[in-house]
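Student: Below, each chain spelled out in residue letters.
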Amino acid sequence: MGPLTFAVLAVLLVVSALAVVLHPNPVKGAMALVATLFVLAVVFVFLDAHMIAALQVIVYAGAIMVLFLFVIMLLSLQDDLPEGGGRVGLRTAAWIGGGALACAVAWICLRSPLGAPPEAPQGYGGVEAVARSLFTDFLLPFELTSILLLVAVIGAVVLAQRRGA
Amino acid sequence: MMVPISWYLALSAVLFSIGTVGVLVRRNVIVIFMSIELMLNAVNLSFVALARQLGNVDGQVIVFFVMTVAAAEAAVGLAIIVAAFRNRPTVNADELTLLRW
Amino acid sequence: MWGEVGIAAAKSLAVLVMVLNLCVVLLWVERKGSALIQDRIGANRANVFGGILPFNLGIVNTMIADPIKMFTKEDVVPAGADRLLHFLGPFLAVFPVMVTFAAVPFGDVLLIGGREIDLQVAALDVGLLYVLAMASLAVYGVVLGGWSSNSRWALLGGIRGSAQMISYEIAMGLALIGAVMTYGTLDLQVIARAQGEYLWGVVPAWGILYQPLAFFIFLVAGIAETKRVPFDLPEGESELTSGYFTEYSGSKQATFMLGDFAEIILVSALATTLFFGAWQVPFLARDGWYFPGGTHLAMPQLAVAALQVASFIVKVLLLCCFQILVRWSLPRYRYDQLMNLGWKRLLPLSLANVVVTGAVIVLAG
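Protein chains in written order, with our numbering: chain E, 659 to 823; chain G, 5 to 105; chain A, 46 to 410.
One thing to keep in mind: the hints can contain errors.
[Unchecked claim] Quick list of simulated restraints, FRET-style, between CB atoms:
1. A:Ile406 to E:Val811: 24 to 34 Å
2. A:Ala168 to E:Glu777: 16 to 26 Å
3. A:Glu242 to E:Pro771: 49 to 59 Å
4. G:Pro93 to E:Ile754: 44 to 54 Å
5. A:Cys366 to G:Thr94: 45 to 55 Å
6. E:Val811 to G:Asp62: 26 to 36 Å
7. E:Ala762 to G:Pro93: 37 to 47 Å
8. E:Ser734 to A:Val400: 41 to 51 Å
[Said to hold, decoys possible] Derived list of chain E stretches under chain G, where covered just means 3 residues or more per stretch with a C-beta under 8 Å from a C-beta of chain G:
9. 670-683
10. 693-706
11. 709-716
12. 725-736
13. 776-788
14. 801-813
Since the hints were made in silico from the structure, they are not lab data.
Ideal Cβ placement from N, Cα and C applies to all residues, glycine included.
Construct all of the structure, not just a fragment, from the sequences and the given hints.
Tutor: As structure tokens, then:
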């Protein structure tokens, strides 16, 4: 994608990410995160990762964030009070540290001599290529992940149950 | 004409640090969780960008696993928050400080 | 390059216009069809300029008057409601549904001026995954509509509706996997073309012959996704006023209704594409009729394309009418029965379907 498209998507991503972190209302923060995830899926499409982009929308934006919204609605969370109550120094330090981290790593990345990426091989990022790799080279992690998901489901159900009847 | 992959890595770094600041600054446990998801997604972007550079789909398979683990973690974490909320009706990390009461 | 962009824009416009017109037609079909089923006359009172014309223009009045009425009503936002989220709700209910139509093929190709135009707005190689992705985004319209209205009916309807939608998404996705395994691809145009084969030379190899159970599960899950009767507890008219869109009026309510009808059309279009041969007319190929006896009747390509698009629209309309028929014939499921059906019956059935399909594919080649 050209520099203009990249600039637009990058601005959208950074603005919605900042909205997640800064907005006092958790529901609006969750919707900002949905927007971030969706724009990220668009970026994945531009990077020729079609299946991962579709999975990003299905799994992250379509399921995990719905779970977040359910919990926020279940707990009936109101707007957060402005972050008062001391520790202003620590919070400023966190912002400065975060900014320094971003600038340092971005500078290191941008100094890299890599140019535009080479032409992608045929069928790159399609379902068949990813599935082939997933079921041959990465079969063991795949099976372990399925067990992990089973454990997570059982754990979540047990933890969220009401005690007693 | 494609943009150099290093630009995507820089974008990923910026998103990651925004997520880190979110975890450090906010007191609402759910917002902390969302910032952690943001960090995971920044890392996903790095993986996909570098996979594209190397022309190898292995990076995308790693992203698949990161997504799955993030889903499992979100489910269990939110269940813990719901359970803790029943005992003490707060989601402020400063108030959830006692291991038993 | 601008030629390509122009063609894509023209196709998108054509699809959008088709869908919006079909929505309005379905609105009229719903009102008159329900009247027919319930042995009454239905809506026939719409008039132009208060009765200037001595005759009633019939369906044109209802089709035009209803949307005009809804769009000119006052837009009321309840006190204490979150304005931004209240505004986002209808948008997120309609946008994913409309965008999904980009992956649905409505014809074969159009050979115009030496150019071969594929009658599908976006030829995605992950077409079905894209459809599932947009279906999972449609949940947000319900969630936000319910939460932002600051009203307990809306909240109850919103939570029920979103829980129902995410439960039936799973059964729908697994049913689609059966179809994907049969055709070996996620691209909807390739699936549509593959249904042009003939079994034993005579019977068109439509998807429903290969995957009857998947069609049934997909249809039930699709009707549950659109939250229509018998699955309309989230908008249970006799219980929750209007469920999650109680507090919406005017153009926002019109947008929700538009999304509702567009989802009906989407479920019908997907069922047609995967199980009823999409735009295929039996024995019609790109250059004419090829009857099983061996006769060949040549036809100009434009006529063939027009016939195929018409067959697609007819099939979609038939399935929409079937959904409307189901709506006015069946009683409503109770909420626990609904979740029971989704998780304990449809999900194991669709998994069994996947296993059986896999076994048949491996054994029969």
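Student: Would you mind marking each hint as holding or not holding in the structure?
Tutor: Now for the hints, and whether the structure bears them out:
Remark: the range hint 24 to 34 Å for A:Ile406 to E:Val811 is upheld by a beta-carbon distance near 29 Å. Here the CB-CB span from A:Ala168 to E:Glu777 is close to 20 Å, well matched to the stated 16 to 26 Å. The hinted range of 49 to 59 Å is satisfied by A:Glu242 and E:Pro771, whose Cβ atoms lie roughly 53 Å apart. Evaluation of the 44 to 54 Å hint for G:Pro93 and E:Ile754 yields a failure: the beta carbon distance comes to about 34 Å.
For A:Cys366 and G:Thr94, the hinted distance range of 45 to 55 Å is satisfied, since their beta carbons lie about 53 Å from each other. Between E:Val811 and G:Asp62 the beta carbon distance is about 28 Å. The supplied range of 26 to 36 Å therefore holds. Here the CB-CB span from E:Ala762 to G:Pro93 is close to 41 Å, well matched to the stated 37 to 47 Å. For the pair E:Ser734 and A:Val400, the beta carbons lie near 43 Å from each other, so the given range of 41 to 51 Å is met.
Chain G is given as covering the segment 670-683 of chain E, and this holds because 6 residues of the stretch bring a CB closer than 8 Å to a CB of that chain, at least three being needed. Given a C-beta distance limit of less than 8 Å, the hint that chain G covers the segment 693-706 of chain E holds, as 7 residues qualify and 3 suffice. As drawn, the segment 709-716 of chain E meets chain G at 4 residues by the rule of a beta-carbon pair under 8 Å; at three or more, the given contact holds. Residue count for the segment 725-736 of chain E with a Cβ under 8 Å from a Cβ of chain G: 7. That meets the three needed, and the coverage hint holds.
For the segment 776-788 of chain E, the stated coverage by chain G is satisfied: 7 residues place a CB nearer than 8 Å to a CB of that chain, which reaches the threshold of 3. Taking a C-beta to C-beta cut-off of 8 Å, the segment 801-813 of chain E contributes 7 residues in contact with chain G, enough for the three needed, and the coverage statement holds.
In summary, the one numbered hint that this structure violates is 4.
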